[in-house]
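Just so you know, the protein sequences line up as chains A, B and C, in that order. Numbered according to my numbering, the first sequence terminates at residue 391, and the numbering increases by one at each position without gaps. Numbered according to my numbering, the second sequence terminates at residue 318, and the numbering increases by one at each position without gaps. Numbered according to my numbering, the third sequence terminates at residue 92, and the numbering increases by one at each position without gaps.
A few of these clues could be false.
To be verified - Calculated cross-link-like contacts (lysine to any residue; reagent style SDA-like; alpha-carbon spacing at most 25 Å):
#1 C:K43 <-> C:G62
#2 A:K232 <-> C:T5
#3 C:K65 <-> B:E20
#4 B:K272 <-> C:P83
Treat the hints as calculated values from the structure; they're not laboratory data.
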Amino acid sequence: MGKRIGMEVAVAVAEAVGLCNIDMAAVYPITPQSHIAEHLSDLVADGHIDCEFVTVESEHSAMSAVIGASGAGARSYTATSSQGLMLMHELLPIASAMRLPIVMGIANRAVSGPLNILNDHSDIMPQRDAGWIALFVENAQEAVDLSIAAFKIAEHKDVMLPVSVNIDGFQLTHMVEPFEMPTQEEVNEFLPPFVPHATLHPSKPVTMGAFAMSDYFTEIMKAKDEAVKASKKVIQQVFDEWGEKFGRPYKLVETYKADDADVMMLTMGSMGETAQMAIDELRAKGVKAGLVKLRLWRPFPFEELKAVIGNAKKLIVTDRACSFGGPGGPVFSEIKSALYAEARRPLIYNYIIGLGGRDVQVKEFVGMFENVLADTANKAADTYEFWGVRE
Amino acid sequence: MMNIVENFDLFAPRLINKQELISSGHRACSGCAEVLAVRLMCKALGENTVIASATGCMEIISSMFPTTAWQVPWIHVAFENAAAVASGVEAGLKALRKKGKIDDRYVKVVGMAGDGGTMDIGFQALSGAMERGHDMIYVCFDNEAYMNTGIQRSSGTPMGASTTTAPAGKVSIGQKTWKKNMPEIMVAHGIPYVATACPSYPLDFIRKVEKAKSIQGPSYIHCFSMCPTGWRSPSHTAVSMGRLAVETGVFPLYEVENGHYRLSPDMPKKLKPVKSYFKPQGRFRHLTPDQIEMIQEKVTVEFGKLVEKAKFLKTGNE
Amino acid sequence: MTLKTWRELPIGCVVSEPGSASEYHTGSWRSQRPIWNDTKCIKCGICYVFCPEGCVQQTEEGFFKANMDYCKGCGICAHECWPRAIKMVEEG
Numbered sequence: 001m002g003k004r005i006g007m008e009v010a011v012a013v014a015e016a017v018g019l020c021n022i023d024m025a026a027v028y029p030i031t032p033q034s035h036i037a038e039h040l041s042d043l044v045a046d047g048h049i050d051c052e053f054v055t056v057e058s059e060h061s062a063m064s065a066v067i068g069a070s071g072a073g074a075r076s077y078t079a080t081s082s083q084g085l086m087l088m089h090e091l092l093p094i095a096s097a098m099r100l101p102i103v104m105g106i107a108n109r110a111v112s113g114p115l116n117i118l119n120d121h122s123d124i125m126p127q128r129d130a131g132w133i134a135l136f137v138e139n140a141q142e143a144v145d146l147s148i149a150a151f152k153i154a155e156h157k158d159v160m161l162p163v164s165v166n167i168d169g170f171q172l173t174h175m176v177e178p179f180e181m182p183t184q185e186e187v188n189e190f191l192p193p194f195v196p197h198a199t200l201h202p203s204k205p206v207t208m209g210a211f212a213m214s215d216y217f218t219e220i221m222k223a224k225d226e227a228v229k230a231s232k233k234v235i236q237q238v239f240d241e242w243g244e245k246f247g248r249p250y251k252l253v254e255t256y257k258a259d260d261a262d263v264m265m266l267t268m269g270s271m272g273e274t275a276q277m278a279i280d281e282l283r284a285k286g287v288k289a290g291l292v293k294l295r296l297w298r299p300f301p302f303e304e305l306k307a308v309i310g311n312a313k314k315l316i317v318t319d320r321a322c323s324f325g326g327p328g329g330p331v332f333s334e335i336k337s338a339l340y341a342e343a344r345r346p347l348i349y350n351y352i353i354g355l356g357g358r359d360v361q362v363k364e365f366v367g368m369f370e371n372v373l374a375d376t377a378n379k380a381a382d383t384y385e386f387w388g389v390r391e
Numbered sequence: 001m002m003n004i005v006e007n008f009d010l011f012a013p014r015l016i017n018k019q020e021l022i023s024s025g026h027r028a029c030s031g032c033a034e035v036l037a038v039r040l041m042c043k044a045l046g047e048n049t050v051i052a053s054a055t056g057c058m059e060i061i062s063s064m065f066p067t068t069a070w071q072v073p074w075i076h077v078a079f080e081n082a083a084a085v086a087s088g089v090e091a092g093l094k095a096l097r098k099k100g101k102i103d104d105r106y107v108k109v110v111g112m113a114g115d116g117g118t119m120d121i122g123f124q125a126l127s128g129a130m131e132r133g134h135d136m137i138y139v140c141f142d143n144e145a146y147m148n149t150g151i152q153r154s155s156g157t158p159m160g161a162s163t164t165t166a167p168a169g170k171v172s173i174g175q176k177t178w179k180k181n182m183p184e185i186m187v188a189h190g191i192p193y194v195a196t197a198c199p200s201y202p203l204d205f206i207r208k209v210e211k212a213k214s215i216q217g218p219s220y221i222h223c224f225s226m227c228p229t230g231w232r233s234p235s236h237t238a239v240s241m242g243r244l245a246v247e248t249g250v251f252p253l254y255e256v257e258n259g260h261y262r263l264s265p266d267m268p269k270k271l272k273p274v275k276s277y278f279k280p281q282g283r284f285r286h287l288t289p290d291q292i293e294m295i296q297e298k299v300t301v302e303f304g305k306l307v308e309k310a311k312f313l314k315t316g317n318e
Numbered sequence: 001m002t003l004k005t006w007r008e009l010p011i012g013c014v015v016s017e018p019g020s021a022s023e024y025h026t027g028s029w030r031s032q033r034p035i036w037n038d039t040k041c042i043k044c045g046i047c048y049v050f051c052p053e054g055c056v057q058q059t060e061e062g063f064f065k066a067n068m069d070y071c072k073g074c075g076i077c078a079h080e081c082w083p084r085a086i087k088m089v090e091e092g
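Could you build all of it, start to finish, from the sequences and the hints given here?
Structure follows, in structure tokens:
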């Protein structure tokens, strides 16, 4: 059994990754990710882990270096945030096309401009179509657990795809929270050695990253889409294995008091815990409120989402980013399209919340429910609103 | 001088690794001296090599899915990151070898890119990889413009050359800037070995690659790679054009080992005039005698500086 | 050559047949071909060294010839052959 400890979440993530027998890590400092990089290098410097830590000169080179190392057959890790993720953007679809099971921690942070170092999801949302598996976590325990499980998902022979573990910057990365840290033995039992699908070694020369013309490009994109979709099954399987071993089962879509809910809210990441408190308040007042927490963003868990929405009449989708001049928040637009073909579907409302680190308190989540319930003529359905914006 | 070159040539094939590690069937232009340089580099490197290539001519001509011209492990990721990818491969292999997860043999990791992928867009990644001290070779195949995209100017394009984005015109000489001195920038990184080379001098080039291979740590080779297509010169002249670039001092051959300069024995004592190098190339055809004279002065001065460095910064033993 | 379906693609599009580019015969690009005159050849092999295609091979007698499946007819071998043993002639 692991020990229950208190630790800053970024440090805990580095500790968790350190338990995964990684061969190589390349990380470039950026707030609020840096504590992951710093603590990983501490682990290397003190000889706790046997890993090549490459102090790259940019995030672009961090992703390039982990692609190279993963191509060589090394279990490779990187972490970043915001502008760093944007700089990596070019390489993300290449890593997934090459089917390299890289794991990346993302301390989610607002994207410039203006510069803002605090939390929202505007960094991960533009990476939606990169072909990466994207997981979201809510607290220290999830950050630790899924940082480890991510390697097993990524390296599964039926997956072989890179995985990002999204951890809200500051709101989560810089919190000191209690959690249970798995032991080295437990992780060793859970996580098998990495067996790459091909390696860059003269014992069997291969070419990786060959270019393709129109005669093959469509087939390659189709194969990638199928691979990302097919990973969903393995992700749940790995979550189940985790639950069995550690007693903490995870689902692709988590819920809170959702079974009989009339009005529901959907969150991603750390705000789920605050929203949960709002649900309790509303329930105490007799409102049948419930919460849906999207853990898996890519591949999108269509069936699982539909199953939990049930008979809810109204659904509030919260977004931590905006698709400017588009349909509102990116999660909103995704949920709408997921439910479009359903004969019975809830009215969907969209609040863009918590941008650039703006706090969203329990009473505000309650306020969102109240607004939506007050909209008896359903006028605000299918629209989006910047919550709390000064008019 | 010519006699020495000829004598070298006489022995050439016997001194060269017979194995072809980049296969025929690659789609380089007819008379491409860059792919010739790559072929010779591979012969010097041998099988125990992993290559990380940037996007560019050499990538496009060698790796059309589902086929490959490469006989050695090879990876291409993007344009600006060959050095970073190579550094990652090196770190990965090092870790795996140390942990006994792969067979215990020494594998040299090589990053390669063109002048644009090295001197412009890949500059930062290269500087980082060299500064970090990875055990790798980086080879820049410099054909003095973005040839793969259609002969646009780069910071490796020489003064006065006409390219598609710095064309010669009624009020323009073509390229208005002097070629970036990339080998000197690499020397300034304090890496153990920097060399310039040219496939027109195959034994010199091969020796330099072998030298770089023998060094633990980062090394940089700047290989002048003639491009008949981009330079608008006949395909059969590619090798002789490289020879002229060296003989005129436009591209001097030298190496810098731990800060000590040495001119290659192939360098003539007396340089030929640059106009003999310019004349057969369409990219320089528009230059006036005055403009050629201005370039000649610069070439003479720069070569003089190099000779001085070789004189004063040579090893104690020499 | 039959094109693979998406299901048949190797994972990550890794190409695991080294040198398979040789399936493609670049010889069709050629407008001129090199002809060796063995009486002038001194077997120095400079044609072999400078061939960008790597398609010049040494025969058992020590002379050289190009594999016409790949020779693009660039003429470097003829230009660099200092005993002038190679001549470029028009194709067809």
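Task: Restraint status (C-alpha distance of K43 (chain C) to G62 (chain C) at most 25 Å) - done: holds, 6 Å
Task: 25 Å Cα cutoff - pair K272 (chain B), P83 (chain C) - done: holds, 24 Å
- [ ] Mind checking the alpha carbons of K65 (chain C) and E20 (chain B) for me, to see if they're no more than 25 Å apart?
- [x] Answer holds: K65 (chain C) to E20 (chain B) is near 16 Å, not above 25 Å.
TODO: Sort out whether T5 (chain C) lies within 25 Å of K232 (chain A), counting only the CA atoms.
DONE: Given that 25 Å is the threshold and the Cα spacing comes to 23 Å, the pair holds.
Checked against the numbered hints given earlier, the structure satisfies every one of them.
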